[in-house]
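Visitor: Chains as they are written, first to last, in our numbering: chain A, 1 to 117; chain B, 1 to 878.
FYI, nobody ran anything at the bench for these hints, they're computed from the structure. Mixed in with the good hints there might be a few duds.
[Said to hold, decoys possible] With a cut-off of at most 30 Å between alpha-carbon atoms, the simulated DSSO-like pairs for lysine-lysine come out as follows:
#: 1; chain 1: A; residue 1: Lys71; chain 2: B; residue 2: Lys546
#: 2; chain 1: B; residue 1: Lys164; chain 2: B; residue 2: Lys115
#: 3; chain 1: B; residue 1: Lys178; chain 2: B; residue 2: Lys164
#: 4; chain 1: B; residue 1: Lys546; chain 2: B; residue 2: Lys178
#: 5; chain 1: B; residue 1: Lys115; chain 2: A; residue 2: Lys80
#: 6; chain 1: B; residue 1: Lys178; chain 2: B; residue 2: Lys115
[Stated by the list, open to error] Simulated restraints on C-beta separations:
#: 7; chain 1: B; residue 1: Ala89; chain 2: A; residue 2: Asp74; range: 57 to 65 Å
#: 8; chain 1: A; residue 1: Arg89; chain 2: B; residue 2: Arg42; range: 58 to 66 Å
#: 9; chain 1: B; residue 1: Gly453; chain 2: A; residue 2: Arg89; range: 16 to 24 Å
#: 10; chain 1: B; residue 1: Glu36; chain 2: A; residue 2: Arg89; range: 39 to 47 Å
#: 11; chain 1: B; residue 1: Val857; chain 2: A; residue 2: Gln62; range: 42 to 50 Å
#: 12; chain 1: B; residue 1: Arg33; chain 2: A; residue 2: Trp70; range: 21 to 29 Å
#: 13; chain 1: A; residue 1: Ser42; chain 2: B; residue 2: Ala20; range: 32 to 40 Å
#: 14; chain 1: A; residue 1: Asp74; chain 2: B; residue 2: Arg42; range: 23 to 31 Å
#: 15; chain 1: A; residue 1: Arg89; chain 2: B; residue 2: Phe45; range: 30 to 38 Å
#: 16; chain 1: B; residue 1: Arg868; chain 2: A; residue 2: Trp70; range: 56 to 64 Å
#: 17; chain 1: B; residue 1: Gly453; chain 2: A; residue 2: Gln62; range: 32 to 40 Å
#: 18; chain 1: A; residue 1: Gln36; chain 2: B; residue 2: Gly453; range: 54 to 62 Å
#: 19; chain 1: B; residue 1: Arg42; chain 2: A; residue 2: Ser42; range: 46 to 54 Å
#: 20; chain 1: B; residue 1: Gly453; chain 2: A; residue 2: His72; range: 27 to 35 Å
[What the hints assert, rightly or not] Computed far set for chain B versus chain A, every beta-carbon distance over 10 Å:
#: 21; residue: Arg24
#: 22; residue: Leu53
#: 23; residue: Val617
#: 24; residue: Asp785
Quick caveat: nothing in here was measured; it's all calculated off a predicted structure. All C-beta atoms in this analysis are idealised placements derived from N, C-alpha and C, irrespective of residue type, glycine included.
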Amino acid sequence: MAIRSTPRTDILQGTLDMLILQTLRWGPAHGYSIAQAIRSASNDAFRVETGSLYPALHRLEQRQLVRAEWKHSDNNQRAKYYRLTAAGRRHLAREQSRWQQVVDAVHALMRPREQEG
Amino acid sequence: MRWPGWFGRRRDAEIDEELASHLRMAIADRLERGEEPDAARRRAFIECGNPVLAKEATRSVWTWTAVEQLATDLQIGARVLWRAPALSATAITLIALVIGGNTTIFSMVHAILAKPAPGVAADRLVTLGWVTDGEEHPGNSYPNYVDVAAASQTLNPMLAAGFKRLILTTTEGSYAIKGATVSTNYFETLGVALARGRTFTAQESRLDASGLVAVISDRLWRDRFGASPDIAGQTTILNRHVTTIVGVAPPEFRGVALNERSDVFLPLVASALIDGQQAMLTDRGAPFVIMIGRLAPGVALAAARAELATIAQRLPRVAGDTARSRTIQLFPYSGTAAGDSLVAQRGPWFLAMFSIITALTLFIVCANVANLMLARAVVRAREMAVRQSFGASRLRIVRIFVAEALAIGAAAWAAAALFAFWTTRALPRLMRPVDGDSAPVAFDFTPDWPVLGYAMLLALAGAAIVSAAPAIRACRQDLQPLLKTGEQGVIQGRSNVSNGLVVLQLAFSVLLLTTAGLAYRSLAVLSGSDLGFNRDRLLLVTINTKAAAATSAANVRLLERMVEGVRAVPGVSTVSYARRPIQNFWVPERLGGGAGERPIVAERNEVGSAYLRTMGVTLIAGHDFDARGDAAGAVIVNQRLANLLWPGEPAVGRTLRLGTSAQPLVVAGVAPNAFYSGYRREPDPNFVFVAASHALPAPDEATLYVRYSGSEEGIAPAVTRALRAIDDRAPIVYLRSIEEQLEGLTWPIHALAILLAAFAVASLAIATIGQYAAVAFTMRRRIRDFGVRMALGASSADILGSVVREGLRLTAAGLLIGGGLSIAAASGLRSMLFGVTPTDPRTYAVVFALLGAASLVACYLPARRSARIDPMQALRQE
Numbered sequence: 001m002a003i004r005s006t007p008r009t010d011i012l013q014g015t016l017d018m019l020i021l022q023t024l025r026w027g028p029a030h031g032y033s034i035a036q037a038i039r040s041a042s043n044d045a046f047r048v049e050t051g052s053l054y055p056a057l058h059r060l061e062q063r064q065l066v067r068a069e070w071k072h073s074d075n076n077q078r079a080k081y082y083r084l085t086a087a088g089r090r091h092l093a094r095e096q097s098r099w100q101q102v103v104d105a106v107h108a109l110m111r112p113r114e115q116e117g
Numbered sequence: 001m002r003w004p005g006w007f008g009r010r011r012d013a014e015i016d017e018e019l020a021s022h023l024r025m026a027i028a029d030r031l032e033r034g035e036e037p038d039a040a041r042r043r044a045f046i047e048c049g050n051p052v053l054a055k056e057a058t059r060s061v062w063t064w065t066a067v068e069q070l071a072t073d074l075q076i077g078a079r080v081l082w083r084a085p086a087l088s089a090t091a092i093t094l095i096a097l098v099i100g101g102n103t104t105i106f107s108m109v110h111a112i113l114a115k116p117a118p119g120v121a122a123d124r125l126v127t128l129g130w131v132t133d134g135e136e137h138p139g140n141s142y143p144n145y146v147d148v149a150a151a152s153q154t155l156n157p158m159l160a161a162g163f164k165r166l167i168l169t170t171t172e173g174s175y176a177i178k179g180a181t182v183s184t185n186y187f188e189t190l191g192v193a194l195a196r197g198r199t200f201t202a203q204e205s206r207l208d209a210s211g212l213v214a215v216i217s218d219r220l221w222r223d224r225f226g227a228s229p230d231i232a233g234q235t236t237i238l239n240r241h242v243t244t245i246v247g248v249a250p251p252e253f254r255g256v257a258l259n260e261r262s263d264v265f266l267p268l269v270a271s272a273l274i275d276g277q278q279a280m281l282t283d284r285g286a287p288f289v290i291m292i293g294r295l296a297p298g299v300a301l302a303a304a305r306a307e308l309a310t311i312a313q314r315l316p317r318v319a320g321d322t323a324r325s326r327t328i329q330l331f332p333y334s335g336t337a338a339g340d341s342l343v344a345q346r347g348p349w350f351l352a353m354f355s356i357i358t359a360l361t362l363f364i365v366c367a368n369v370a371n372l373m374l375a376r377a378v379v380r381a382r383e384m385a386v387r388q389s390f391g392a393s394r395l396r397i398v399r400i401f402v403a404e405a406l407a408i409g410a411a412a413w414a415a416a417a418l419f420a421f422w423t424t425r426a427l428p429r430l431m432r433p434v435d436g437d438s439a440p441v442a443f444d445f446t447p448d449w450p451v452l453g454y455a456m457l458l459a460l461a462g463a464a465i466v467s468a469a470p471a472i473r474a475c476r477q478d479l480q481p482l483l484k485t486g487e488q489g490v491i492q493g494r495s496n497v498s499n500g501l502v503v504l505q506l507a508f509s510v511l512l513l514t515t516a517g518l519a520y521r522s523l524a525v526l527s528g529s530d531l532g533f534n535r536d537r538l539l540l541v542t543i544n545t546k547a548a549a550a551t552s553a554a555n556v557r558l559l560e561r562m563v564e565g566v567r568a569v570p571g572v573s574t575v576s577y578a579r580r581p582i583q584n585f586w587v588p589e590r591l592g593g594g595a596g597e598r599p600i601v602a603e604r605n606e607v608g609s610a611y612l613r614t615m616g617v618t619l620i621a622g623h624d625f626d627a628r629g630d631a632a633g634a635v636i637v638n639q640r641l642a643n644l645l646w647p648g649e650p651a652v653g654r655t656l657r658l659g660t661s662a663q664p665l666v667v668a669g670v671a672p673n674a675f676y677s678g679y680r681r682e683p684d685p686n687f688v689f690v691a692a693s694h695a696l697p698a699p700d701e702a703t704l705y706v707r708y709s710g711s712e713e714g715i716a717p718a719v720t721r722a723l724r725a726i727d728d729r730a731p732i733v734y735l736r737s738i739e740e741q742l743e744g745l746t747w748p749i750h751a752l753a754i755l756l757a758a759f760a761v762a763s764l765a766i767a768t769i770g771q772y773a774a775v776a777f778t779m780r781r782r783i784r785d786f787g788v789r790m791a792l793g794a795s796s797a798d799i800l801g802s803v804v805r806e807g808l809r810l811t812a813a814g815l816l817i818g819g820g821l822s823i824a825a826a827s828g829l830r831s832m833l834f835g836v837t838p839t840d841p842r843t844y845a846v847v848f849a850l851l852g853a854a855s856l857v858a859c860y861l862p863a864r865r866s867a868r869i870d871p872m873q874a875l876r877q878e
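Using the sequences plus the hints, can you model the full thing?
Guide: Okay, here's the thing in structure tokens:
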């Protein structure tokens, strides 16, 4: 498709989906709070722009990994809340173990080798 | 599947709201942290990123299904087209014309090659073709039919059918009709349910005391039996045999083959026995039936092919059969390929040829439309550049063009389908009845779903071609210069290609126009030409004497009696007869006894007494034949033949030999030169008329020539009554005026002329519009150039002249190439031309003038616009 669907942040496409799902494990949240959570949890390392966040959220909704509903927030503003579905939970578990494998593999590759002789 | 529109709009609103709430929360957050309202707003905005892009990207998550995309794109395309209605209408008309024309031809070809004869349920029907040593034979023998039908598991049921000319005698008289002799399972195999009565029983294929039975056509039932409701069980006489009618076929059904339509169906075996043709039933070498079978349920064509190939191997051979290989091929049944697998086999080849021609025309037309689009693409180049700079990807730009082209294609397809429906209804009216039949062959040309699908494919292909060129250009286009200055000089031209296409299309138009022109000139020559004999009030009555005369001598006596009888009818002035009516050619005969070394060929006809007088010509020398016999001589030659045989000498009393006959014939007279056999391509045909009293033609069809005064309506019934009174066993096969007969010879060229004219007009339109587009395109590219020239003092007339001159160079090239093509093509068409040469200067002059004028207009219109430009504005516009 046309318009820049790759995130401008350095987060890999699939990784953003995983981070969103991870954030939603603590309960339903709207887009803004998800972005804030990712930002603070990563110590400001990942800033998620709306141009990446909302396409990702809607993709997840389309794949029925999250469910969305309009609710009023604490300060009485209408916002769209996303909630993990059972399928989303399973997907997150799979993604986590896959991610762990990637991290382990990269870690093993990057570990300085002991010198020979 | 989600559709845009209502759902889409609601989704849009939701995304807007979601993004807005995001921004509100971001701002609120910052305000809470104590930031200044203005700064908070600005920073939140930056933090969130481009809202338009975010919305687009989010929405695309939902709209990214192919059908939705297509629908959206078509909407965009339609909107773009709506903004330039003239251009769009032109593009649509062009493509619709070419698709419509092609669809028309395709439905005709499809109707002729693939559709069943009316009334036949063609599903899973196959025709058997017999191949011996690689040679095709449509029919085979009855014993082979019996064996194959008994052995085959895959084709069940299977029918056999032969054709027979019959004479039907009712209380009102005798009539010549066409019949089919069929296996008893004929109607069941074809899936034809009789309108009345029953079909044949197995016993009726044997001939017993109950005699012959027959099923008759609806037409015969109405014409000859007054649509009698209790027809089943009535008896009538067919070829002198008492026959019981057991059933009536449904109205549309006239047999399996379009070219041999039957009015009566007889059991094959019984019919052969009663006519003394027992040999046909037992002789394995006598091919006289065609075979059609229906694939048994669940059987594939390939399986049936394999089985029949084996069966063919096992068939007993005739003594003395030396064929090395013998097999049976299966073809899907159609009304024209009923018994003729040759047609079935060549059909695909013909379709392939046709597809190539179609592809070529479609390519040219679409290239023209692409030219039009290019001309506009130049104008829109900047729009596209702006779109790209706003983040539209190249793919997106390409899709805009594709969408436009698809919208054009869809509209053109709809228009083309309408066009094809109309033309295919109109076309059969050009058909003329075949001799002896009251109705023309009723081809069903109306497009059906395969044909409409074909048209749709064409439309898609057209859309692809149309969108390719502008899209590629848009992709290659470098944005920067366009954005910076709107510089139009940077647009890369494709004018060589488009100019070439214009020349090609013009050449095609010349070809079509000249061919149509020559055809029309031929028609004019034909309708006004002097055939050399008197065409006024001459009636032709063809009769069949097979049932009425036993011997050749009796035949001639009967014919002379008929002449006497008709002559007694009030209003008839002279009557004679000939073995053959006026038609394209009579039997060419080589003449012996001439002086020259080269064989002399003449057209021959056997004629009765006073034939030439009846034709309204006066003999130059000698006498017409008289009723008593050939006292004065046995042949009459025309003047040209006399001069060839005996130059400068009197011909009467000399002798000549016809063909291989050793008997010399005495010349009784010399007739003036005329086109006795109808229109001829050769300007100087030779004729030899042999006295029927001498040649004694066998009982068969003969044609009475009746010269009368008064009206045809008055004379025809009287002649019919007189002939019945003489011998009602000799039925009239057909009766028509000489004008009708001559028209029967010219209708193919008439139809050709109309078709060609239609195509020529379409082609002319295509060429003119194509040229207009090419000139308009060039003009757009050079608008700045013109501005400079005018600023430097060139007048508008100068600009106008230069643009028109450039355009007309293309015209000249097109006319030249087209002229050459036409001469070549017309030489090939020589056989269809009458009285004009393939290089008829008048036709060419008119065509060149017409095309030149159209071309001039096509160049002048855009040129005038470029000449009118304000030089300052043209320069500033850059």
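Visitor: If you check the beta carbons of Val857 (chain B) and Gln62 (chain A), does the distance land in 42 to 50 Å?
Guide: violated, 56 Å
Visitor: Check the following: the C-beta atoms of Ser42 (chain A) and Ala20 (chain B) are separated by a distance inside 32 to 40 Å.
Guide: At 26 Å between Cβs, range violated.
Visitor: Could you check the hint for me, namely that Asp74 (chain A) and Arg42 (chain B) are 23 to 31 Å apart, CB to CB?
Guide: holds, 25 Å
Visitor: Given the hinted pair Lys115 (chain B) and Lys80 (chain A), is their Cα-Cα distance within 30 Å?
Guide: violated, 61 Å
Visitor: Mind checking the hinted window 57 to 65 Å against the Cβ distance between Ala89 (chain B) and Asp74 (chain A)?
Guide: The hinted range 57 to 65 Å holds for Ala89 (chain B) and Asp74 (chain A), with Cβ atoms some 60 Å apart.
Visitor: For the pair supplied as a hint, Lys546 (chain B) and Lys178 (chain B), is the alpha-carbon distance within the 30 Å limit?
Guide: holds, 14 Å
Visitor: Do Arg42 (chain B) and Ser42 (chain A) keep their Cβ atoms within the hinted range of 46 to 54 Å?
Guide: The hinted range 46 to 54 Å is violated for Arg42 (chain B) and Ser42 (chain A), with Cβ atoms some 24 Å apart.
Visitor: Is 27 to 35 Å a correct range for the gap between the Cβ atoms of Gly453 (chain B) and His72 (chain A)?
Guide: About 55 Å separates the Cβ atoms of Gly453 (chain B) and His72 (chain A), which means 27 to 35 Å is violated.
Visitor: Against the range 16 to 24 Å, how does the distance between the Cβ atoms of Gly453 (chain B) and Arg89 (chain A) compare: consistent or not?
Guide: violated, 49 Å
Visitor: Since Arg24 (chain B) was said not to touch the interface, does its Cβ keep a gap of more than 10 Å from each Cβ of chain A?
Guide: Given a closest Cβ separation of 7 Å, the condition is violated.
Visitor: Over 10 Å from every CB of chain A: does Leu53 (chain B) meet that, or does the non-interface label fail?
Guide: violated, 5 Å
Visitor: That 54 to 62 Å hint for Gln36 (chain A) and Gly453 (chain B) (C-beta), does it hold up?
Guide: holds, 56 Å
The structure fails hints 1, 5, 8, 9, 11, 13, 19, 20, 21, 22 (numbered hints given earlier, in ascending order).
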